[in-house]
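**Student:** Two chains, two frames, a set of hints: combine them into the complex.
Letter by letter, the chains look like this.
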Amino acid sequence: MIQSLPYLFLGLLLLAVLGWWVWDAIIHKSTAELLTPRHLVGLRSAGARRDVGDRIFGSQDWDFVLRETPSEIHRMFQRERTVLALAWLRRTRLRTSQVMHAHVAVARKSEDLQIGMELKLALSYLLFLILCNSLVGWVWLRGPVRTRKIVGQTLQWAAQLRRAFEQLMARVDPASCRVVGTNFNHGTVRN
Amino acid sequence: MLTQILWWTANFAEVLLLARSIQGKFVKRYPTFYFYLGSVLIVSLLRFAVFTFRPGSYPAFYWYTQYLAATVGYAVILEIYSQIFKKCRGAVRIANGLLLCILAAVILNIVAGAVSGSAWPPGETMAALERDMRALQSVLLFVIIALLAYYRVPIGRNLIGIVVGYSFYVATSVMSLGFGSLPGFGSRPEWRSVSPVAYLATLSIWCFTLWSYHANPEPGPESKIERDYKFLSEQTKRILSRARSYLKMGGEL
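Protein chains in written order, with numbering that gives the first Met the number 0: chain Z, 0 to 190; chain A, 0 to 252.
With the rest of the complex left out, here is chain A (with noise of 0.2 Å):
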C-alpha cells in the first residue's frame, strides 16, 4: 500500500513538474533535466503497464529501465556542469582538470581489471552495474558541489534545486544499493522503501524549487584586479605563508 502511494505521489510530482516548465516556458533553459524527468515518467508508467500486463518479464524490465535512467542522469550531471560554470572560466578550468583525472582513474580502473583478468566491474547483477554507475556519478558530483563551495559561484534557485535534488538522490541510491546488495537487507521490504522515498524527497526539492523560472546571477562588471591573475595569487600565497609562519613561530615560543 505504502509502495504504491509513493509511486502515485512521485508521478503526480514530475506531471506537475513537467506541466510547470512548460506553462512558465522554461523547459528549454534546462533541457536534459526535463528530458531526465520526462523519461522517468514514461518509463514509471511503462513498468506499471508491464507489471499488470506480463507481471514475467517485471524484474528484467525494472533492470533495464533503470539502467537507461541512470545513463540519463549522466547527461544531467553534463547540463548542470555546463549551467554552473559557464560564466566562470577560472573554476571550469579546475574543474576539467579533475573530471578528467577521474576518468583516467575509471578507465585505468578498466583496463587494471581487464588485464588481471579479474572480476569485469559491470558486476554479477544489474543493480551492481547501477550501484557502479550511481557511485562514479556521486563522484562527479562531489567535484562540482566541492568547486561550488570552494569558488563560491553564484547560481540561482533552479540551480540549486537540481543540483541538491539530484545530489541527495544519487546519495542515497548508491547508499541503498549497496547495501541493498546484501544478502541480509536485500529481502527485508522496509529497506526496499528506501529508494521511492529518497526520489519523493527529491521530487519534493524540484517542485519546490523549479516551480517558476530564476535566471542564474550574472556576475558584475569586471574589475581591474580580475584581470591581473598572476598578482593577486602571489599576494594572497604571501599572506598564506606569512599568516602560517607566524602560526608556526609561535608554537615554538
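For reference, chain Z alone in the conformation it holds in the complex (with noise of 0.2 Å):
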C-alpha cells in the first residue's frame, strides 16, 4: 500500500493543478486587458475605495456604536464590520495580484528573461499571498476593530502600491496615466 501512494499523490497534485488552470482560464480573463486603459479607468476610483477602507477600519464609528448603544448592537456591529472587511481586505489582495499578473504577462514574452529573477518574484510573491491571507485570517478571528493598526499598515501600504503600479504604468501609456493620476489620493491612514 505504502509504495502506492507517490503515485496516488502524484495523480492527485497532477489533477489538482489541470483543475486550477481549467477555473484560473475560465474565471479570470486574459491577463492582457490589465495593460489597456479600459482596466486604467477602474483605477479611478481607487481613492474612493481607500477612503471606505479607512472608515471600516476607523475607530469614530466603533466608539459612537460604544457609546450610545445597548450590548447587543455591539456585537451586531461587530459581526457587520467583520465582514465588510473581509470583502475590503480580499478585494485590496485582488489588487496587488493583478500587479503580478501584469507582470506575467509581459514577461511570458519577453526574451531577456531571468530565471533566477522569476523565481525570486514567485517567491516574493507567494510569499505576500500568505501574509496577506494571514491577515485576512486574523481580521476573521478578532474583528475589524480590535485590528485597526495593522490594517492601517495595510492601507498605507496599499497606498503606496498603487502609487508604484501607476508610476509603471505610466512608463508603458503615459496618456492613460494622466488621468488616473489625478484622481489618486494619497492622504495619511488614521490608526
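Be careful, since some hints might not be right.
[As the list claims (entries may be wrong)] Label-pair distances were calculated between CB atoms; the ranges are:
| # | chain 1 | residue 1 | chain 2 | residue 2 | range |
| --- | --- | --- | --- | --- | --- |
| 1 | Z | Leu12 | A | Gly112 | 22 to 30 Å |
| 2 | Z | Leu83 | A | Pro30 | 53 to 61 Å |
| 3 | Z | Ile129 | A | Phe34 | 38 to 46 Å |
| 4 | Z | Leu83 | A | Cys206 | 41 to 49 Å |
| 5 | A | Leu5 | Z | Trp19 | 25 to 33 Å |
| 6 | A | Leu102 | Z | Asn132 | 33 to 41 Å |
| 7 | A | Leu17 | Z | Leu93 | 39 to 47 Å |
| 8 | Z | His73 | A | Phe207 | 19 to 27 Å |
| 9 | A | Cys206 | Z | Ile129 | 52 to 60 Å |
Think of the hints as simulated: they come from the structure by calculation, not from any bench. Nothing here was measured: the structure is a model prediction, and the numbers come from that model. Glycine included, C-beta positions come from ideal geometry on N, C-alpha and C.
**Tutor:** Encoded structure:
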C-alpha cells in the first residue's frame, strides 16, 4: 500500500493543478486586458475605495456605537464590520495580484527573461499572499476594530502599492495614466 | 459486457476524431497527437484480432503495445510543449530550465540505481514500467500546466482540449497503475474498468474540443514595456517586497 502512495499523490497533484488551471482560465480574463486603458479607468475610483477602508477600520463608528447603544448592537456591529472588512481585504489582495499578473503577462514574452529573478519574484509573491491571507484570518478571528493598527499599515501599503503601480503604468502608457494620476488620493491613514 | 461497450465506444470516438480532423483539414496542425490517436486505434484493433485468434499470446501482446502507446505519449507531450510555448519566449526559457532539471533528476536516479546495484528501475513487470513512464509524463505535464497557469499563456480551444484530456488520462493511469499493481486491487474486476472509463472520458473531452479547428490566439502588438524586462522585474520586485514589509510591520504592532 505504501509504495502506491507516491503514484496516488502524483496523480492527485496533476489533477489539482489541471483543475486550478481550468478554473483560472475560465474565471479570469486574459491578463493582457490589464494593460488596456479600460482597466486603468477602474483605478480612478481607488481613492474612494481607500476611504471606504479607512471608514471600515476606523474607530469613530465603533466609539459612537460603544457610547450610544446596548451590547446587542455592539455584537451586531462587530459582525457586520467583519464581513465588510474581509470583503475589502480580499479586494485589496486582488488588486495586488493584478500587479503580478501584469508582470507575468509581459515576462512570458520577454526574450531576456532571467530565471533566477522570476523564481525570486514568484517566491516573493507567494510570501505576500501568505501574509495577506494571514491578515484576513486575523480579522476574521478578532474583528476589524481590534486589528485597526495592523490594517492601518495595510492601508498605507496599499496606497504605496497603487502609487508604484501607477508609476509602472505611466511608463507603459503615459497618456492614459495622466487621468488616473489626478484622481489618486494619497492621504495619510488614520489609526 | 461493460468492457465490450467501453471498448467499441472508444474505437468509434477515435474514428470520429480522426475523420473530423481529416475532413476539417486540421490533422496537419497537430500531427503527433493524431498519430497517437491513430496508433491507439490500430493497436486496439490488433489486440482484438490477437484476442480472437491467438488468446494465449494476448497478455504479452497487450503489455508490449501498452508500452508503445506510453512511448508515443511522450511525443504528444513534446507537441503540446512546442505548440504552447511557440510564441512565449520568456516562458519557454523557464520551461526549458525546469524540464532540464527533471531530465537530470531522472538520469541521476537511474545512475544511482545502477551504481548501488539496487533494482534497475524498469521494474519487475511491464505494468511497473508503464506506471513509471506515466509517472514521469505526469511530472512533465505538471510543469507545463503550472507554467501555463502562472504565465496565463493564451491558448486555443483545441490545445486546451489536448492538454486537459491527455493530462486527465495520464493522472488516472498513474493512480490506477499504482493501485492496480497491488495484489488486493489488481484482481478486482471493477478496478480494471477504471482505465477504460477514464480513457472514454478523455475521448469525450477531445470530441468536444477538437470537433473543429480553433487557432491559438495571436499575441497582440508588442508594447514599449515588453522590451524592458529588467525594468519591469525590478519594479515588480520592489512592489512585492514593499508589500511584504508593510504587512510584517503591521503584524508586529
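**Student:** Can you let me know if the beta-carbon spacing of Cys206/A and Ile129/Z is within 52 to 60 Å?
**Tutor:** 41 Å, violated
**Student:** Does the hinted range 41 to 49 Å hold for Leu83/Z and Cys206/A at CB?
**Tutor:** Distance hint for Leu83/Z, Cys206/A holds at roughly 47 Å.
**Student:** Using the C-beta atoms of Leu12/Z and Gly112/A, is the stated range 22 to 30 Å upheld?
**Tutor:** 23 Å, holds
**Student:** Using the Cβ atoms, figure out if Ile129/Z sits within 38 to 46 Å of Phe34/A.
**Tutor:** 45 Å, holds
**Student:** Taking the CB of Leu5/A and the CB of Trp19/Z, does the distance hold inside 25 to 33 Å?
**Tutor:** 29 Å, holds
**Student:** Starting from the range 33 to 41 Å, see whether the pair Leu102/A and Asn132/Z falls in it by beta-carbon distance.
**Tutor:** The hint (33 to 41 Å, Cβ to Cβ) holds, given that Leu102/A and Asn132/Z are roughly 35 Å apart.
**Student:** Return holds or violated for the Cβ distance of Leu83/Z and Pro30/A against the range 53 to 61 Å.
**Tutor:** 56 Å, holds
**Student:** Please check whether His73/Z and Phe207/A have a Cβ separation lying inside 19 to 27 Å.
**Tutor:** Violated - the Cβ-Cβ distance for His73/Z and Phe207/A, about 55 Å, lies outside 19 to 27 Å.
**Student:** Taking 39 to 47 Å as the stated bounds, is the beta-carbon spacing between Leu17/A and Leu93/Z within them?
**Tutor:** 44 Å, holds
In summary, the structure is inconsistent with hints 8 and 9 from the numbered list given earlier, while agreeing with the others.
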